[in-house]
Amino acid sequence: MRMLLRRLSLYLVTAWVAITANFILPRLMPGNPVETLIGQLQGRVTPQQVRAIQLAFGMGLKQNLVQQYFGYLGQLMHGNLGVSITLSAPVSSILRSAVPWTVGLIGVSTILSFLVGTLAGTMLGWTRGSRFDSLIPLTTFFQAVPYFFLGTVVLLIFGSNLHWFPVLGAYSSNLNPGWSWAFVFSLIRYGELPVITIVLSSVAGWMLGMRNMMITMVAEDFVLMAVAKGLPRRKVIMHAARNAVLPSVANLSLAIGLVVSGALLVELVFNYPGVGNLLLQAVLNEDYPLIQGIFLVITMTVLAANLLADVMYFILDPRTRTEAAI
Amino acid sequence: MSAVQIPKSPKVILGASIIGFFLLLMIVGPYLAPYDPSATNFAPNLTPSASHWLGTTSLGQDILSQLLTGARATMVVALVAGLVATFLAIGVGVAAGYLGGRADDGLSLLSNVFLAIPGLPLLIVIDSYLPVAERSNAFVIGLIISLTGWAWGARVLRAQTMSLRNRDFVEASRIIGESRTRIMVAEIAPNLLPVLASSLLFTILYAIGAYVTLAYVGLTSTSVWNWGTMLYWAQANNAPLSNEWYWFVPPGICIALVGTGLALVNFGIDEFINPRLREGGLSARQRRRIGMPRRPRLGFTPVRRVPGAMTRLSASEPR
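Residue numbers (numbering that gives the first Met the number 0), protein chains in the order written: chain A, 0 to 325; chain B, 0 to 318.
So here's chain A without its partners, still in its complex pose (with noise of 0.2 Å):
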């Protein structure tokens, strides 16, 4: 348990940190940015969009730093996020509908990516030295490459040439969002290229963690006595890959940072309706306070799976619940 209270004290402080840099940071801006972003925005600006820039910035306000940080916290408390300078409406309800996409997107991929390498990875390092080993360098390969850049080309080739998938969006644009079958299986055809790119991108190091840990398993005693006890060969690999597979749920918590970091310009390749399409339109228009919002939502986000994924190596692995350590 006490592994467990650590890692939330550890997320708690987290999200504390990226609050105050998100206060801090728009107040850091040398000049005078509120007159600039006005400027830029050439008269088409109302009284509500001037508000809501000069709150982003923390101008305008007769209240010393302390007071407007306290004052920032408890808009905050309140699921305020402020006013969206390009769209007009509260960040709050806007994030609220390009969120499940991108948790969905993300969550799909991220699971098999992990179930996918975990098993190439068993498989490779039990049979070290067959030919297989030589997809090691090509996912490296497929490692290397920025998941947008594997995105567009995949777009390219499987959705604009071979037409084999449906590209662009989410779902076929002549259905409504619901609960039908035809929305579903829409929904699934159009989040295959997006999954196959995120997962594409990111199975080499799972399988490259998993690869290396079965082959200092396989060296392990109790494995040798596995197959001196004459068990099936398949019992063995499972004996061995129960204790292999220990680092990369431990790992799990710290890849998900990257792998969404990578995502969301998936989503941008695809044009698909989540958070990361989102936070570049915000940032080419300069809407600080949607920047603000989606950063804030997608760190909070990213700390919550974090602990799921504690929770689950916790789950896992007897001796968290017994060691302090970790």
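Hints are computed from structural coordinates only; laboratory data are not their basis.
Hints are supplied without guarantee of correctness; some may be wrong.
Chain A is faced by these chain B residues, among others (derived, beta-carbon under 10 Å) [said to hold, decoys possible]:
{"#": "1", "residue": "A15"}
{"#": "2", "residue": "G19"}
{"#": "3", "residue": "T212"}
{"#": "4", "residue": "F266"}
These numbers come from a predicted model, not from an experiment.
C-beta atoms are modelled at their ideal positions from N, C-alpha and C, and glycine is treated no differently.
Since the structure of chain A is already known, use the hints to place chain B on it.
Quick look at chain B alone, frame taken from chain A:
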């Protein structure tokens, strides 16, 4: 510790040559470029030909020149970010691992916080607040990237330092009265080298990815040529959808090649740290020649067997 110990496997040699090639390109690339990468005085949308090996953009710029010129900014940012981040990682990681106690708690917390915050969104947020003039500065961008990329290295270095701290030779130098700084710099640091090298490669890999991504999103100055801005312009002009592969594929391949080179060298370092991953430093053909089994026997670290040694060994074994 001698450099000979790093396995000379084909993987490492290939990886090192790839990195060497791109480092060379970083230095000479801009001089090799046949044309000014920003000049728009050619016919637009030319397909690859003898005068334009990679064709031209829809603005009539020579793509090969952009690729060669862009190598410098991309590699410089990656190196700056990688080096700065590694220095930060050493400072935080080694100090935390060696000092222990309160200092360790504080420094570990710091690196864990940076690990938990997703890097790219943070990077995008910081970069979007930068004045536009600063966004073209390779060093400023490199510094910001290093700020989001040092924590992993610090964590690995801390773990290695902690395991070294209690070894006998460190204990011995403590007893003969060496100062803390000297123990950290002269005793522990050299033994951290493999881990350090691995973390440096990893950080450079991260930095290239981060820089190219920022450029692709349009967050660095679009007038500085790097492989990310090339992809930005290609995407902005719909090159992928109009089948202009010669525009957006070459920069992507270059990025992937640098990454693969770094990863391949990293394999070598991994095998150096964990001898069980090593195959005696032999190529497949050499292994076959000395009669080493293709698949190592269960339960044993692969070792090089001299022909005849096995018979001697089994003869001396008690029945």
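For each hint, the structure was consulted:
About 14 Å separates the beta-carbon of A15/B from the nearest beta-carbon of chain A, more than 10 Å, and the hint is not met. Interface hint status for G19/B: violated, as the beta-carbon distance to the closest one in chain A is roughly 17 Å, over 10 Å. About 6 Å separates the beta-carbon of T212/B from the nearest beta-carbon of chain A, less than 10 Å, and the hint is met. The restraint placing F266/B at the interface with chain A holds, with a minimum CB-CB distance near 8 Å, inside the 10 Å limit.
The structure fails hints 1 and 2 (numbered hints given earlier, in ascending order).
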